[in-house]
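Chains as they are written, first to last, in the working numbering: chain R, 47 to 264; chain D, 72 to 313; chain L, 29 to 79.
These are calculated hints, taken from the structure and not from any lab test. Check before you lean on any hint, since a few could be wrong.
Ranges of calculated distance between the beta carbons of each label pair, as one might list FRET restraints [said to hold, decoys possible]:
(1) D:L209 / L:G33: 35 to 41 Å
(2) D:L209 / R:L162: 31 to 37 Å
(3) D:L202 / R:D124: 38 to 44 Å
(4) R:P157 / D:E219: 26 to 32 Å
(5) R:L150 / D:A272: 20 to 26 Å
(6) R:A178 / L:G33: 27 to 33 Å
(7) D:E219 / R:T135: 50 to 56 Å
(8) D:R304 / R:P157: 28 to 34 Å
(9) R:L116 / L:R66: 40 to 46 Å
(10) D:A213 / R:I161: 35 to 41 Å
(11) D:K81 / R:L150: 53 to 59 Å
Cβ coordinates follow ideal geometry from the N, Cα and C atoms, glycine included.
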Amino acid sequence: MMALLSRDLALAFRAGGGFGLSLAFFLIVTVLVPFGVGPEGGTLARIAPGILWVGALLACLLSLDRIFALDHEDGTLDLLATAPIPLETVAATKALAHWLTTGLPLTLAAPVLAILLNLPPSGFFWLTASLALGTPALSMIGAFGAALTVGLKRGGLLLSLLVLPLYIPTLIFGAECARRGAEGLATATPVLMLLGITLGSLALLPFAAAAAIRVNLR
Amino acid sequence: MSIWEYANPKKFMQTSAWALPWVTGLAVLTLLGGLVWGFFFTPDDFRMGSTVKIIYIHVPAAIMATGTWFMMLAASLVWLIRRHHVSVLAAKAAAPVGMTMTLIGLFTGAIWGQPMWGTWWAWDPRLTAFLILFLFYLGYMALWEAIENPDTAADLTSVLCLVGSVFAVISRYAVLFWNQGLHQGSSLSMDQEEHVADVYAWPLWTAIVGFGLLFVSLLLIRTRTEIRARRLRALEARERMA
Amino acid sequence: MVELGKYAVTVLAAYGVTILLVLGLVALSLRKGTRVKRALEVQERRMAKNG
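Let the sequences and hints guide you as you build the complete structure.
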C-alpha cells in the first residue's frame, strides 16, 4: 500500500504528471473572477469564500480522470486487482494520492489567493480549515466517479457530469463554513456536517469504487 | 448463455402485453378526468386566482419525479442482488420518464412562480433540490448511453443510482440548511398539501392517480422496448458468431 | 369556456408546456417501441429462414 502510494506520488510529481496543473488552474480562475464581477473590494470579500471553494472544486475535477485511466491503459490496474491487497484499499490509496497531489496543495494555496480576493483576515483560518476537511471528500467522490468511467474512451466529460452533482453537499457545507468564518459567525454546524460527509465518503465510497473497477475489468 | 435465456423476460412480455391496454386506458381516463375536473369545474382561489389550476399538474409531476427515482433505486437493488434483467431494464426505461416529470415540475413551477412570487426562479430549497434531481437523472442516463456492454452498463448505472440516492438525500437536507443560512426562513415556499381545500383535493388526487398510471403505462411500453432491443442485440451477436 | 382572468396566459402556458412534454415523451416511447419491434421481427424471420 505504501509502495502504491509512493509510486503514484512519484508519477504525479514527474514532468508531465499533471502536478501543478490544478494549482495553475486554481490561480487562473481566481484571477479571472475580479475581471468578471469588477474590482470592488466589498463585493469580492463577500463572494471570496464561495469563489475559492468553487475554484478548488473545479481544479480538483481536472485531474480526476488520471486517477485510474493511465493505470487502466497500461494494464497496471489488472495487476493491482489480482494483487494481495484488497481493491478497496487500492481505491482508497489512489484517492489519498490524488488528495496529496491536488487537494492538499489547493488547500495551502487558497489563503494566498484569498488575499487577491480581499478576504477579511478573520476568514483565513476557516477557509483553510474547511478546505482541509472537505477536499478529502472531493478526492474520494472523484475516485468513485473515475472508477465508473475508467473503461470509456470519452470519459472525461461524462466524469464531470457524474461527479459534479455528487459534489453539491460538500460544496454547500464547505463554502458555508468558510463564509460563516469570514463573517465571524458560529461555524460548528457546517464543520460537523462537512466532517460527516468526508468521513462517510471515506468509509463507504472505497467499496463502491472497488465494485465499479471490478465491473470494468470483467 | 444467460443473455439468451429469457424465460423471465418472456413472462414479463406476456403479462405486460395483457396489462398494457388496461393500464393505458385507465391512465387516460383518470388523467383526463382529473385535469378536466380541475380545469373547468373548480373555483378560483381567492389569493392565487386561476393559477391554482396549475396545482393539478405541478404536484402530481413533482410526486412522480421523486417517486420515479425511488423506483429506479429499488429496481437497481433488485438487479444487483437478484440479477433479473427485466429489473434493471425497467430502471433504464423509467429514467427519461422521471426526467420529464422533473422538467414539468420545474417549468410549471417557474410559470406559476412568475405571477405569484414575482420571479421565475428562486433558490428555494424545494426548487433547488429538484434542479439537483434533474442533474442526477441526466448523469444516470448519460452513463447508460456511454457504455457499450449492456451488463457492464447495468452494473455501473445501478451502483451510480445507489450512491446517487445517498447524495441526493444529503443534498436535499444540505440545500435546506444552505438556504436558511442565507435567508431567515423561506417565505416563498408554500406547503401545498396543507393549504389545499377540499374543492381542490379531489381532482388533485384524481390527477395524481392519473399521473401514476401514466407512469406505469409508459414504463411498461419502454421496458418492453428495452427487452426487445436487448433480444435484438443478442440475436445479432449470435448471428455474427455463427 | 372557463374564465381564467388575468392569469390566463400563465395557466394556459403551464398546461401547454406539460401537454407538449408528455406528448413528446409518449411519441418518442411509441416510435422507438415500434422501430425496435419491427427490427426484431425482421431479425427473427431472417434467422428462422437461415436456421
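Hint by hint, here is what the structure shows:
1. D:L209 / L:G33: 35 to 41 Å: 37 Å, holds
2. D:L209 / R:L162: 31 to 37 Å: Hint holds: Cβ distance 34 Å, inside 31 to 37 Å.
3. D:L202 / R:D124: 38 to 44 Å: 40 Å, holds
4. R:P157 / D:E219: 26 to 32 Å: 46 Å, violated
5. R:L150 / D:A272: 20 to 26 Å: With Cβ atoms ~56 Å apart, the hint is violated.
6. R:A178 / L:G33: 27 to 33 Å: 57 Å, violated
7. D:E219 / R:T135: 50 to 56 Å: 29 Å, violated
8. D:R304 / R:P157: 28 to 34 Å: Violated, at about 55 Å.
9. R:L116 / L:R66: 40 to 46 Å: 44 Å, holds
10. D:A213 / R:I161: 35 to 41 Å: 39 Å, holds
11. D:K81 / R:L150: 53 to 59 Å: 56 Å, holds
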